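Turn these sequences into a full structure, and let the hints guide you.
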Amino acid sequence: MLSRFNRLLWDPFLLIVLCGAGIYFTILFRFVQVRRFGAAWRQALSRKSGGPGVSPFQALAAAVSAQIGAGNLAGAAAAISAGGPGAVFWMWASAFFGMASAYAEALMAQKYNVRRRGQVVGGPAYYIQAAFPGLAGRCLAGVFALLMVFALGFIGAMVQANTIGESFGEAFGLPPLSAGLATAALCLPVFLGGMERMASFSAKLAPIMTGLYLLGAFFALASRRQLILPALQGILLGAFRPQALAGGLAGVTVKKAFRLGVSRGLFSNEAGMGSAPHAHALARADHPAQQGYVAMLGVFIDTFIVLTLTALVILTSGVYTPGGPVQGAALTQAGFSVSFGSFGAPFIALCLFFFAYSSILGWHFFGAANLRFLFGNRGLGLYQAGACLCILLGAVTQTERMWELTDLCMGLAAPLNLLALLRLAPQAAALTRDYDVRLACPGSKAQKKRRALAKAPKG
Numbered sequence: 002m003l004s005r006f007n008r009l010l011w012d013p014f015l016l017i018v019l020c021g022a023g024i025y026f027t028i029l030f031r032f033v034q035v036r037r038f039g040a041a042w043r044q045a046l047s048r049k050s051g052g053p054g055v056s057p058f059q060a061l062a063a064a065v066s067a068q069i070g071a072g073n074l075a076g077a078a079a080a081i082s083a084g085g086p087g088a089v090f091w092m093w094a095s096a097f098f099g100m101a102s103a104y105a106e107a108l109m110a111q112k113y114n115v116r117r118r119g120q121v122v123g124g125p126a127y128y129i130q131a132a133f134p135g136l137a138g139r140c141l142a143g144v145f146a147l148l149m150v151f152a153l154g155f156i157g158a159m160v161q162a163n164t165i166g167e168s169f170g171e172a173f174g175l176p177p178l179s180a181g182l183a184t185a186a187l188c189l190p191v192f193l194g195g196m197e198r199m200a201s202f203s204a205k206l207a208p209i210m211t212g213l214y215l216l217g218a219f220f221a222l223a224s225r226r227q228l229i230l231p232a233l234q235g236i237l238l239g240a241f242r243p244q245a246l247a248g249g250l251a252g253v254t255v256k257k258a259f260r261l262g263v264s265r266g267l268f269s270n271e272a273g274m275g276s277a278p279h280a281h282a283l284a285r286a287d288h289p290a291q292q293g294y295v296a297m298l299g300v301f302i303d304t305f306i307v308l309t310l311t312a313l314v315i316l317t318s319g320v321y322t323p324g325g326p327v328q329g330a331a332l333t334q335a336g337f338s339v340s341f342g343s344f345g346a347p348f349i350a351l352c353l354f355f356f357a358y359s360s361i362l363g364w365h366f367f368g369a370a371n372l373r374f375l376f377g378n379r380g381l382g383l384y385q386a387g388a389c390l391c392i393l394l395g396a397v398t399q400t401e402r403m404w405e406l407t408d409l410c411m412g413l414a415a416p417l418n419l420l421a422l423l424r425l426a427p428q429a430a431a432l433t434r435d436y437d438v439r440l441a442c443p444g445s446k447a448q449k450k451r452r453a454l455a456k457a458p459k460g
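Mind the numbering: the sequence shown is residues 2 to 460 in our numbering, read in order.
Hints should not be assumed to be uniformly reliable.
[To be verified] Calculated cross-link-like contacts (lysine to any residue; reagent style SDA-like; alpha-carbon spacing at most 25 Å):
hint: 1; residue 1: K205; residue 2: G195
hint: 2; residue 1: K205; residue 2: V191
hint: 3; residue 1: K205; residue 2: A94
hint: 4; residue 1: K205; residue 2: A430
hint: 5; residue 1: K205; residue 2: L46
hint: 6; residue 1: K205; residue 2: W404
hint: 7; residue 1: K205; residue 2: R139
hint: 8; residue 1: K205; residue 2: A83
hint: 9; residue 1: K205; residue 2: F6
hint: 10; residue 1: K205; residue 2: C389
hint: 11; residue 1: K205; residue 2: G194
hint: 12; residue 1: K205; residue 2: P190
hint: 13; residue 1: K205; residue 2: A350
hint: 14; residue 1: K205; residue 2: F219
hint: 15; residue 1: K205; residue 2: Q234
hint: 16; residue 1: K205; residue 2: T309
hint: 17; residue 1: K205; residue 2: I302
hint: 18; residue 1: K205; residue 2: L216
hint: 19; residue 1: K205; residue 2: A40
hint: 20; residue 1: K205; residue 2: F220
hint: 21; residue 1: K205; residue 2: L182
hint: 22; residue 1: K205; residue 2: F348
hint: 23; residue 1: K205; residue 2: L310
hint: 24; residue 1: K205; residue 2: L420
[Unchecked claim] Simulated restraints on C-beta separations:
hint: 25; residue 1: F173; residue 2: G212; range: 48 to 54 Å
hint: 26; residue 1: R116; residue 2: L375; range: 16 to 22 Å
hint: 27; residue 1: S47; residue 2: L189; range: 28 to 34 Å
hint: 28; residue 1: M2; residue 2: N378; range: 46 to 52 Å
hint: 29; residue 1: F241; residue 2: N378; range: 52 to 58 Å
hint: 30; residue 1: F173; residue 2: R8; range: 34 to 40 Å
hint: 31; residue 1: V35; residue 2: A186; range: 41 to 47 Å
hint: 32; residue 1: A431; residue 2: L237; range: 49 to 55 Å
hint: 33; residue 1: Q399; residue 2: G212; range: 31 to 37 Å
hint: 34; residue 1: S343; residue 2: P427; range: 54 to 60 Å
Honestly, the hints are just simulated from the structure, not real lab data.
All figures in this text were calculated on a predicted structure; none of them were measured in a lab.
Just so it is clear, CB atoms sit at the ideal spot from N, CA and C, and this is done for glycine as well.
Structure (structure tokens):
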């Protein structure tokens, strides 16, 4: 019953809504993901010291730590297994438009963040409440916050801990309970340190875990670099003519490749779902648009770098066969094992640990931000203890139903987030124009012309 409802909720309703929102924001912001891509990197690497909050890079690291989870190793493999290589192209397409949604989320999270007792707090609940003044806004924001606390803080911790327990058990023979205890022990000090400690820790962990995986992927691809171009050709051909590929890809159609690619891509990068804005709301920025640019990079890194390399490792390794018995994360592991041999499984287990551990930390603090929205600082101790208990339980129990509950909560929360963003779209567009005219390139001829047009009387 729950799985059937999730399928109806996500496919096609949420896929259409999320993709449609991404296309709308891309047009509204005049392809901001292209225009400001360079500025995004400059802003992410800038040093913003002093005052409350975290640096732009720390906010990006916190968001990426949550976005890049166990799904990055299984998401591309699952899409390829069921939708063929062409599904990867549609993952790219959804991520491209999703970058505009991520920009809108961070922009509004920055505009509506608040200071409480010297600390910066914010997230979708705050701009949902602003989008719908009065009782309706408070109710919608409260529902969103409750869903996020449950889905990310508790159930999310269980499913990620289960990934760690299973992978370490298969690779090293470590009992799941021991893996759960070790994970909880590593999480608790970061939990107790607050968002600033988590952001500082993520700024160190995210480059290490991402770099480790990228090095492994580059090593795996180096020995079969002559197959990279054919793999890319297969991705493009499979997106529009899947039956033209070798083997016929029985049962795979353009519609199926599109559906699976878009769904797996959105599950992975979370664009428009309302999770990453919790981190970007806390960043120190001179203008909300600047952190919006940084937020786009999270989607780019997640899909265009990590997921793409995973797909190329699978497609160049020869382990993928249409309708074959090896699917999901096992397909990714098999792809790396071709180059790594017996070290393939331990390498993937180590990457899974980093990805799942970072997701637990990121999701925990996203949930904590929503708990503070609802109750202030009351109940944080119980929340932290409950999260550690969920890590232990998740490591030793089967979590298929937990994944379904997480999908359900996120599926119910995402429309509330998107509805608020669409209602606030005029404000987002005005802020974008304001930054373009006043701050982006104030001395250029184009900017002078825009300022003159903006000041000219209408009519």
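Quick rundown of the hints versus the structure:
no., hint, in the structure
1, K205 to G195, "holds (16 Å)"
2, K205 to V191, "holds (13 Å)"
3, K205 to A94, "violated (30 Å)"
4, K205 to A430, "violated (34 Å)"
5, K205 to L46, "holds (14 Å)"
6, K205 to W404, "violated (29 Å)"
7, K205 to R139, "violated (37 Å)"
8, K205 to A83, "violated (36 Å)"
9, K205 to F6, "violated (39 Å)"
10, K205 to C389, "holds (22 Å)"
11, K205 to G194, "holds (15 Å)"
12, K205 to P190, "holds (16 Å)"
13, K205 to A350, "holds (20 Å)"
14, K205 to F219, "holds (21 Å)"
15, K205 to Q234, "violated (36 Å)"
16, K205 to T309, "holds (23 Å)"
17, K205 to I302, "holds (16 Å)"
18, K205 to L216, "holds (17 Å)"
19, K205 to A40, "holds (22 Å)"
20, K205 to F220, "holds (23 Å)"
21, K205 to L182, "holds (23 Å)"
22, K205 to F348, "holds (20 Å)"
23, K205 to L310, "holds (22 Å)"
24, K205 to L420, "violated (35 Å)"
25, F173 to G212: 48 to 54 Å, "violated (22 Å)"
26, R116 to L375: 16 to 22 Å, "holds (18 Å)"
27, S47 to L189: 28 to 34 Å, "holds (32 Å)"
28, M2 to N378: 46 to 52 Å, "violated (38 Å)"
29, F241 to N378: 52 to 58 Å, "holds (53 Å)"
30, F173 to R8: 34 to 40 Å, "holds (35 Å)"
31, V35 to A186: 41 to 47 Å, "holds (44 Å)"
32, A431 to L237: 49 to 55 Å, "violated (38 Å)"
33, Q399 to G212: 31 to 37 Å, "holds (33 Å)"
34, S343 to P427: 54 to 60 Å, "holds (58 Å)"
Violated hints, in rising order: 3, 4, 6, 7, 8, 9, 15, 24, 25, 28, 32; the structure is consistent with all others.
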